[in-house]
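A.B. asks: The residues making up each chain are set out below.
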Amino acid sequence: MTSNKSQRFYLALIGFIIVLIVWQSVIWIFDLPAFLFPSPMSVVKRSLELGKNWLPHIWGTVYGTLLGFFIALIAGVILGTLIVHSRVLNLIIMPTLVLLQIVPKMALAPIILVWAGIGVASRVSVVALTAFFPIVISTITGLQSIQPELIDLARSMKMNKWHILWKLRLPNSLPHIFSGLKVASTLSVIGSIISEFVGAQEGIGYIILSAGFVLDTALQFGGLVVVTLFGVIFYGVIIIIEKVSMPWYLAEVELVESSF
Amino acid sequence: MLNDSISGITISVKNVNQIFNLDKQNEFFALSDINLEIKENEFVSLLGPSGCGKTTLLRLISGLNLPSGGEIVVNNKQVTGPIDNCSMMFQSATLLKWRTALDNVILPAEAKGLNVNKLRNDAKDLLNLVGLSGFEDHYPRELSGGMQQRVSLARALLLDPPIMLMDEPFGALDALTRDIMGNELLRIWKQNPKTVVFVTHSVREAISLSDRVCVMKTKPGRISKIFEIPYPRPRISRYMGESYNDLLDGIHNELGVSLENQSTICE
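So the protein sequences, as listed, match chains H and U.
So for the first sequence, this note's numbering puts the first residue at 20; every next one is plus one.
So for the second sequence, this note's numbering puts the first residue at 46; every next one is plus one.
Chain U on its own, in the form it takes in the complex:
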């Protein structure tokens, strides 16, 4: 444990299994023997097809679910329930539709019983940061999908958590908005670094955002290979040249996606 804190390991996943019992005989390994170490302020993506267990793994890290086997340690404490100092984003914005954008952003403060009035200004600043100043009093139904996710992002930043867990937060948005939001996220993360675990099924998204990409496979759910992305951001493929293409090929091969299919994944 002491070693972890010296080397700055924030999240440590050791020999984790997640087994679902379909009936007395059949066991389904949603996750099998997962080992992963995430350093402080590292941006790590979990990339893989549906059913590879990436969301399951994220939920185990967050403490929403507990593993069938193995252990997960976050900030030197074993995870036995929802972890502290962490915020989550989901594929849907999960805003409270009966509250305005501002009142949605201050929700984490209410949950902790903090002085809400003091934090209202912080909330306002955060909405400004995500580009929604002027929309504080709007209800979610008056906001587009992208705007709702921005509110969700502002909410996730309210208590300045050192860890952010994101489950395909831009998955439900159109491609253009998705790119914009990815850049927004990077901009904010650069200003104020955090440890981020980001689940996605988009290779491009994973490469442009992360320090490392964990490619996962199904049956059983496992991490098959971890790719380092040592390039500075923003990552524009034109300027990265061959090494970017090699990376793209490598990841696609690992995922088992053929070269022909890559024509649909272009810059």
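Bound-form chain H, shown alone:
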């Protein structure tokens, strides 16, 4: 198993390295203008030049993304639980929620900017709104996915409704909720960048945008790499938490490992 994992890792690494080599070679061979097609080396060089100045920007994006994500997580799970338990609430809330989801966040972001101003609040709001829907839906699906016989069993043991929710439905719904969290995590990062594009004073998106204004494409690519890295680490952390909290649930983890 271990040799298989390191085999996969090295093969993937070789893939990335080949891409970099081809990229660099194409630029050399065709003598492409540096401001349009920065070479991998110039991307690294330019990014390292920024050095410590990266930190407030990275922190801005990371903080906004995580905070928005957690707000969406708590609100989403609570709302999902309430919707499953009340038919009336379901009929009232779901149509509005679906409608909200259809509104493109790119269109919503400037409006939120007007309301919340340039800064953390507006970024967190956009992230939370983007992450909210997948979390609610996956919570609802998870809670509803319980085997009916388990409910029979619980009733025959004279479990009350709280017991059934806490000991049966919620643990049973964890795999679904985690898949919603994974989707929400990628959407959160996107949401944060969108918000920064629309109006911000710091953040990785801000760097990408500002670098674009002065045709510093090397730095733009640098920003791209950094934000992608953040997304990957965020996703990876969720996978680790999933594995730790659900030791009985192997399937998903093995799927991801096999895709790496």
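Just so you know, the hints here were simulated from the structure itself, not pulled from any lab data.
Since no wrong hints were added, every one of them can be taken at face value.
In silico lysine-lysine, PhoX-like type, Cα no more than 20 Å apart, as pairs:
#1 59(U) <-> 122(U)
#2 59(U) <-> 262(U)
#3 157(U) <-> 169(U)
#4 84(U) <-> 59(U)
#5 201(H) <-> 124(H)
#6 142(U) <-> 186(H)
#7 122(U) <-> 84(U)
#8 157(U) <-> 186(H)
#9 262(H) <-> 24(H)
#10 157(U) <-> 177(H)
#11 262(H) <-> 201(H)
#12 142(U) <-> 262(H)
#13 235(U) <-> 84(U)
#14 177(H) <-> 122(U)
#15 169(U) <-> 142(U)
#16 270(U) <-> 84(U)
#17 270(U) <-> 59(U)
#18 157(U) <-> 180(H)
Fit chain U to the known structure of chain H by using the hints.
C.D. replies: Showing chain U alone in chain H's frame:
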């Protein structure tokens, strides 16, 4: 009511109907005029084809559903909801897949708010009783179907309920495991007698396990005949001779299964 407790009747089903309304005009009698009395520590099977209402009747006895007509009395109390002092087993093991075998067995104690730590040892002993010692920390996905049902049986025994209701608990297992589990159940029941209502569609299973077999029919769901099985257990057909074959014939006739089909049902 007083008469029931003197004569030891634990479960009393009187004139019970279960009607499902398909629409305003059409009524479907899942159960029609069921009358049955089950004595304390009796092992009774409900035997019949799909759709005869045997599972419906079991659910009515358990209190998971309430009858459209008639009444069910368990331990001198009318059934108005899930009954006390009873455990159930279903066709699937219904284990919580996020809990280990041991944590699954103690679930009934948690449901009642009892001191779980005290009962952990009982749970361990029960897993040993069903032949699963060493598997306490295994998750259900690491256990075979038969092993999962053993955990389910251990769980059903945790609070030592005087009544056990079982809905084809071995139905999803292969034939060999089914026989083994049947013997396990009898072994445990002999050590610690309980009132058992056992739903099955296997004639052999019903005869080898029960004191009485209630043959049920469909359209409408009803008990058509009750057979006494007065033989000591274990019941090995070779040693029971002709009377066993007569019993087998009688039940098959009642079920409407022809003699030719019996060739597939052999020892």
